[in-house]
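Could you build the full structure based on these sequences and the hints that come with them?
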Amino acid sequence: MTPSPQPLLRLENAEVFYQQQRVLDEVTLELHQGERIALLGKSGAGKSTLLKLIYQHLSNTDHRVGWVPQQLGLVDKLSVFHNIYMGRLDQHSRSYNLINLLWPRPKHVEAISKLLGSFNLDQQLYKTVSQLSGGQQQRVAIARAIYSQADIILADEPASSLDKTMADTVISALLQHSEQHSQQHSQSCVIALHDTQQALAFADRIIGIQQGKIVLNDHPDNITPDQLEPLYDHD
Amino acid sequence: MISAPRYHLPTGIRSFLLLLAAALLCLPFADIEISNRSPWQEFAAMAGGFFQPTLLPFDELIAAIAQTFSYAFLAVCTAAVGGLFLSLFFHQLWLRSLCAAIRSVHELFWGLLFIQLIGIHPLAGYLAIALPYTGIFAKVFAEIIEEHQSQAVAPRHSDRFSHFFYAQWPQLLPHFRSYSLYRLECGLRSSTVLGFIGLPTLGFHLETAFMQGLYSQAAGILFIFYIMIASLRWWMRPTLLPLYFAVALFSLWGQEGLQLSLASHFLHDIIPLPIRNGEDINGILYWLSHLGSTEIGPGIGNTLVVTQIALLLTAVIALCLFPFSSRQFFSLPIRFSSHLALVILRSTPELIIAFALLLLLGPSMLPAIIALAIHNGAIIANLISRHSHQITLRLDASKGFHRYCFEIMPRIYGQFLAFLCYRWEVILRESAILGILGVHTLGFYIDSAFESFRLDVAVILIAVSALLNILVDQGSRQLRHRLHLRSTPQAQRNK
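Chains as they are written, first to last, in this note's numbering: chain A, 1 to 235; chain B, 1 to 495.
Derived DEER-like restraints, expressed as beta-carbon distance ranges: (1) B:S231 with A:Q21: 39 to 47 Å; (2) B:R14 with A:T28: 53 to 61 Å; (3) B:R14 with A:H194: 38 to 46 Å.
For the record, the hints were derived by calculation from the structure and aren't laboratory data.
Fair warning: this is a prediction, and the values are worked out from it, not measured in the lab.
Every residue, glycine too, gets a C-beta built ideally from N, C-alpha and C.
Laid out in structure tokens, this is it:
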């Protein structure tokens, strides 16, 4: 899908400090609707901070943001159904949501079951999140972001605790849903990843971060392995 | 069409519905009429008094503070030492049962018993607190020891005491100290309410002031009480313990009123009347069945009615109030005001709240129910708001009502139910006690029996009350077990 010329977000020379230490350094970045961006960089490079910065900027606009944090942020004691349903709380009234919390409505049950089917989780619908494995929880967190019908999904290493096969399945499912959604809304995705092959396979653009600076920002076709290597070099 | 698994209402919600059903079932049997025709007029007089507090004459005030402190301090000190000793043998069934029995009788009932036994003397007040508190200390200390058992590094072949003092004591001491401080706060409350049965503590002057409509004076006494409780952590220092011990002993020493001659009458009068009269088994059974139908039955029924309705109201108050003290919902000024209100409500003994409400609303179960719900609701609200501070929310977490229902409630609900279960037994004990204010719970019949010198009946009713407590405690324990709720000294400490 061709990105629209109108940027969804523009950051210019953005800086972020944490405990008097610069964690993002003069970041200049444009995000366009419909783009799929992979953020690459080793742990502590600033990927999560950049995602949070993007989230903070977008949450002040009319855009709906689907957020998949690294710690997942699921409610352990709540069912899988309700955790996913939380992605759309703001689309219904308080009383409607309260009733749905106590007694799930069939139309949401059907929609969420269908979504969970693509993650092999449809039989876990009413299990509490604490009853699931780490990998299953990760898939629920992604399903929640997808269900939120967001204009943009921001995911912080969403496949980190999955094996290679499951990670590919999950990323594909995320993209497939994003694609389906994009036919109507031009959904964008910004995903922080560890796996460069995965990034090259799905992204329209790769952004490489090193010590808080963007050192790479290009289409995967234009990127050579030599350019990717320093991003995961160990000090 | 995808076939989804079947939905079942979560167990936690089902138990709450059960609580609701029990309260609704009790409602037709509850006397909750407002009999005072001008409650607002009375309320205005009370509120006026609270805005213009006055103090008791200096010497009376100092004496009342000294008595309140001395009963509590001496009782808690000895109970802590006794409880610690007993906790080392708490694995023995007979000891566990004995401790359960002595702590299931409320301090006020112990007070009424000891006053009959030795007269209105400081020793009665001291024993009334020390005895049940020893049972409580033994249980809680045993739980703390058990919790830290696995962490202790023990020298091989060391005996039980050496092992305890060398390997465990250093780890346990901060927990014991913290719990003892909390118990001292409870002791000050208990000591104050002992004034309602004639011992000259702050509660005695409070009751007198309320009865005479001296609301400014009542407010002054209450404020002194709040200051004592609120400043406890500043003035209760380990280095000052010997000084406090000396002061407490000095203030109670040499007081008149010890009537050891009462003991022989007491021991005679507690023998059931038909046995004293030499009646046969039929006479005893008739006496018991009459007692059952006129006092035990109605007493238990009314106690349970008050307990169940108060328990539901406690839950509702706690769930409504806690967000105001939680940093997940409100900013500092609102949180601070709410926290202050909760501390005041939880520091005020139920008996005092009920007494004030009784003057306001007139005699019925309503003052007792509201007092129990306010006091216990404030305690639980305070605890779960603190619990909610440990929750880290995601960046896109919802706000307001949705945050309450979807983010916070599911995470704190288990702990909330655990606290509610713990308070169930406490509310039952207090429901019985509030009878001495005229509500027809077990305490009413016990107090009436003491007033008409039917000590045999009083003792039987106290035993029934204790048994009911043990049963509810067991029920609450099983419920917590079934719901997989946390059951550790940390939560128990808040009893």
